[in-house]
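*Asks:* These are the residues of each chain, in order.
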Amino acid sequence: MIDRRLVFNLDWVFLGAVLLLAGIGVATIGSATQSGRLSGLYLKQIYIIGLGLLAMLVSLVIDYRRLADRAIVIYVASVLVLLYVLRFSPLIAGTRRWILVGSFQLQPSEFVKLAAALFVAKVFAESRHETIGLRDIAGPGAAVGFLAFLIARGPDLGTAACLAPLFLSVAFLAGLRMRAVAILLVVMLLVAGFACLKDYQKTRIYTFLDPSLDPQGAGYQKIQSQIAVGSGGLLGRGYKQGSQAQLGYLPARHTDFIFSVLAEEMGFLGVVTVLALYLLVIWRMLETALLARDRVGAFLAAAIAATFTFQVVYNMAMVAGLVPVKGLPLPLMSYGGSSILSSLLAVGLILNVRMRRFAN
Amino acid sequence: MRIYEDLRVVQTRLGVLQSVAVGLLALLGIQFWNLQVVRGKYFKLLADNNRSRSVALAAPRGALLDRGGRVLVENRPSFNVLLTPEHADDLDAEVARLARTLEIGEAQIRERVARRALFRPVVVKTDATIAEVAALEARRLELPAVSVEVVPLRSYPLAAAAAHALGRVGEISDRQLQLPEFEGLGPGALVGQAGLESQYNRNLMGTDGYRRVIVNSRGLEVNEAQRRAPVDGPALTLTLDSRLQAAMDRAFAGRAGSAVALDPETGEILAMTSTPAYDPNEFTTGIEPAVWARLTSNPGTPLMNRVIQGTYAPGSTFKIVMATAGLEERVITPETTFYCPGYLSVYNTVFRCAKASGHGVMDVHHAIAQSCNVFFYNVGIRLEISRIAAYAKRLGLGAVTGIDLPHEVSGLIPSPEWKMRVLKTPWYGGETVSVAIGQGQVSATPLQMARVAAAIANGGKLVRPHLVKSVGGEAQSIDAPRDLGLKPETLAIVKSGMKAVVAEGTGWRARLPGVEVAGKTGSAQVVAKSRLEKTPTATAIIPHGWFVAFAPADHPRIALAVLVEHAGSGGEGAAPVAHDILAAFFGLGGEAPGAPGVTDTEAE
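Residue numbers (the numbering used here), protein chains in the order written: chain A, 1 to 360; chain B, 1001 to 1604.
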């Protein structure tokens, strides 16, 4: 059971920053969906955050080491669920990535990221070598690659791509030789390139390079997002006053492009505030890895930090028009039950590692 | 006590990861600074362009009224059926329903939808009937994407009457879009394409207004930000008299030709007809290609305004110019006589008079009345070409009259210099003899000849013909008639000759009861006389008939030129038309006058 001492070790600053970001997310969703069939969506987001916090608190009870001990079982279960999704789940918007739980749509790939973090942390923690080479990581790499492959079959390239920084950063911490790190980085960048892209995704990349080729199609999102962000200026156009968001020019404005809405309405000051909060969250995650009492804890925290950072950076870079548009939500702020639940569970795992840093 | 694991490598490398994270977020911060602060103004502009759209509010074109205020051209409300595809729940089904309701082809609607600019409604049907609009209203719920807008449509209640003077409107052409006079207009704008509609286009158009509206990403209007009301185009009051115009149109009775009547004192044009004509109403909603092809391929050239664009040899009507020049230059006096044996042999050529037996002894009065060629051959030889040309030009021939209509042509008064320059051959004396009776290279428009008649009528002043009295109630300033400095005796003799033409000469068919008419007949040779003798029956080589006149002869209120194509002689073909026009002007019955016991033999 939970020790009373542990409660005092809870990282309140970290949790506070997380809740603040989620709150800003709710407010922005409220602005992005104030009219039309989506109005009232922010209430649903609040319920989900409540549910997520509850799940997070429950998960704190279980020592992360006991979870890591079952990493293999969790891994196998993840593979089975992903196979089930690919085979049986309904086709929604041309993709298979959801399972229906009651009236909720759950996206298993969001939770598989956590399973992968546990698995990678466990496998590398077992290794007792000072340094490791490519041969040592081939096995776990194949296992994680298989997960990524199943997710990418969805197709859900964004989420699949999250597994790359997760694996790479843990392998790096586990003492992977620098030459191997360099090779891996290059290979991953190439793979991220063209190997497994669908045609519409290739189009997205072409139009990313020259948006004027297709102003109403794939490049449209990038242009409209840049206009929204840029027109926000220093101080923003005011809450619920952004013309890009309110008149419907921004695509997916309550989900993947929520940060465009914030940038338009709150300006550069709002952007910097949120960036600072994310930096605080990421910093505390990595600090947790630094403070962790064992390799499993350090690797778990680092894996989660890497995935989280990748998602935040990619989403914001996408909003700013720096990288091609991919269906990748902004953790803690984008509307979406699976994303919020998975992010809060990740937060729970970080707290779990941190509060047990002195425990036996 | 537990033995802690060795985490030193992990900790060192975590430092690297921390730096990477901080670095990435810092880069993002720089990019947002660049987008929002450095380039913020630019993106703000793009956002404003995104959301606001300017919608033009077309100003109704000004009306055209006749001199009595009767409507010649106006705007009538018409219904356009619009389809806004963004509003449709099921576009295919809606297009099918709409096609059935309006009884037009589904493919036609689809084609227009495919060609439209994004987010703009498509005009599915212009000028829909009340019944069609009612049918659409009844199915309103089934047709959410369909709307009806009321637009002013140009309407010509008199149809083809005075069509060439009034002109027509049509969509601006690509070439016109490049011209400075159409600056500020976009594709689709309705502009004057002929006649007064074209000449006074800028006045008639008024000033368009606009609305700035806020639209959402589907292009649907959310609200209105700004509005400037259009300023209607002012009405033009014309010099035309619609009743005289109707009489003039009737007088032609389907024959090809043209006529123009003007006030000899002011140059105000009272009526103007060119036939065959066309109905300008056919152009207002975009002319059907078949109708356009019919109009442009018609050998009768219905789009041409013969009054100002038709050039014809003036024939014997040119004797007015010759008589004036001869008397002014004193090569003849009223008492001078020449003997007409029916021909004149000069420059190794035999020049014939139309009366083969000859007119006998002729003075200028009788030479005009009987239209004796031999008399004017002699006058021409004595004047020589340079003085003939000088007087012709003084009387306004060979140059545009300056009427307020586009594309007027100047006709031609030949001279030795002109011939050398254009044809590169020297002038022959024999040509002067032909020119003396208005044949050869001489050509003039009916409007020019009407102005010559007006100059004799008004005591030797050259008027500026014009069609517009006032624009929006403001009188147009017109150049005052120019005094030609002709001697009153000259004018009196020419006038008395012209009176005799109608009273006892070749123009008797234009005689009116109670109103003395002065006139001159003429016929314009179409081809060389030798060919006419070979095939005299073919219409194409029958000469055009001229009649120029003014009345009442002593206090003229109207001057007139009539040209009937392929009418044969002016006395037979054109004088009766002039008679009907003058009868209508003076409010007289239309009976044709009885023959005065003189022959129809003319030498025109």
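It is possible that some hints are incorrect.
SDA-like, lysine to any residue: derived pairs with alpha carbons at most 20 Å apart [unchecked claim]:
1. A:240 x B:1225
2. B:1041 x A:223
3. B:1393 x B:1469
4. B:1487 x B:1554
5. B:1044 x A:248
6. B:1044 x B:1206
7. A:44 x A:19
8. B:1469 x B:1052
9. B:1469 x B:1044
10. A:240 x B:1048
11. A:240 x B:1484
12. A:44 x A:337
13. B:1044 x A:238
14. B:1487 x B:1387
15. B:1041 x A:238
16. B:1044 x A:19
17. B:1041 x A:234
18. B:1487 x B:1459
19. A:240 x B:1469
20. B:1044 x A:44
21. B:1044 x A:223
22. B:1461 x B:1586
23. B:1044 x A:337
No lab work stands behind these hints, which were simulated from the structure alone.
*Asks:* Confirm or reject each hint.
*Replies:* Status of each hint after checking the structure:
A threshold of 20 Å between alpha carbons decides the hint, and for residue 240 of chain A with residue 1225 of chain B the separation of about 19 Å falls inside it, so the pair holds. In summary, the hint linking residue 1041 of chain B to residue 223 of chain A is supported, as the alpha carbons are separated by about 15 Å, within the 20 Å threshold. Note on residue 1393 of chain B and residue 1469 of chain B: the hinted pairing is violated, with a Cα-Cα distance of about 27 Å set against a maximum of 20 Å. Between residue 1487 of chain B and residue 1554 of chain B, the direct Cα distance comes to roughly 17 Å. Compliance with the 20 Å bound is thereby established for this hinted pair.
This hinted pair checks out: residue 1044 of chain B and residue 248 of chain A have alpha carbons roughly 16 Å apart, not beyond 20 Å. At most 20 Å may separate the alpha-carbon atoms for a hinted pair to count; residue 1044 of chain B and residue 1206 of chain B exceed this at roughly 34 Å. Only pairs whose Cα atoms come within 20 Å are accepted, and residue 44 of chain A paired with residue 19 of chain A is accepted, the gap being roughly 16 Å. Annotation: proposed proximity of residue 1469 of chain B to residue 1052 of chain B is violated, straight-line Cα distance about 43 Å (limit 20 Å).
This hinted pair does not check out: residue 1469 of chain B and residue 1044 of chain B have alpha carbons roughly 52 Å apart, beyond 20 Å. The suggested pairing of residue 240 of chain A with residue 1048 of chain B holds, with an alpha-carbon distance near 16 Å, which does not exceed 20 Å. Proximity of residue 240 of chain A to residue 1484 of chain B is assessed by CA-CA distance (about 80 Å); at most 20 Å being required, the pair is judged violated. In summary, the hint linking residue 44 of chain A to residue 337 of chain A is supported, as the alpha carbons are separated by about 9 Å, within the 20 Å threshold.
Under the criterion of a C-alpha separation no larger than 20 Å, the hint pairing residue 1044 of chain B with residue 238 of chain A is consistent with the structure, at around 14 Å. Distance hint between residue 1487 of chain B and residue 1387 of chain B is fulfilled; the C-alpha atoms sit about 17 Å from each other, no more than 20 Å. With a C-alpha separation of about 16 Å, the suggested pair residue 1041 of chain B and residue 238 of chain A falls inside the 20 Å cut-off, and the hint holds. For the suggested pair residue 1044 of chain B and residue 19 of chain A, the alpha carbons sit about 32 Å apart, so the restraint of at most 20 Å is broken.
The suggested pairing of residue 1041 of chain B with residue 234 of chain A holds, with an alpha-carbon distance near 10 Å, which does not exceed 20 Å. This hinted pair checks out: residue 1487 of chain B and residue 1459 of chain B have alpha carbons roughly 9 Å apart, not beyond 20 Å. For a cut-off of 20 Å, the pair hint linking residue 240 of chain A to residue 1469 of chain B is broken: about 60 Å separates their Cα positions. A distance of roughly 32 Å separates the Cα atoms of residue 1044 of chain B and residue 44 of chain A; the hinted pair therefore is violated under the 20 Å criterion.
For the hint pairing residue 1044 of chain B with residue 223 of chain A, the CA-to-CA distance comes to about 13 Å; that is within 20 Å, so the pair holds. For the hint linking residue 1461 of chain B to residue 1586 of chain B, the alpha-carbon distance of about 24 Å lies beyond 20 Å, and the restraint is violated. A hinted pair counts as satisfied when its Cα atoms are at most 20 Å apart, and residue 1044 of chain B with residue 337 of chain A does not qualify at roughly 33 Å.
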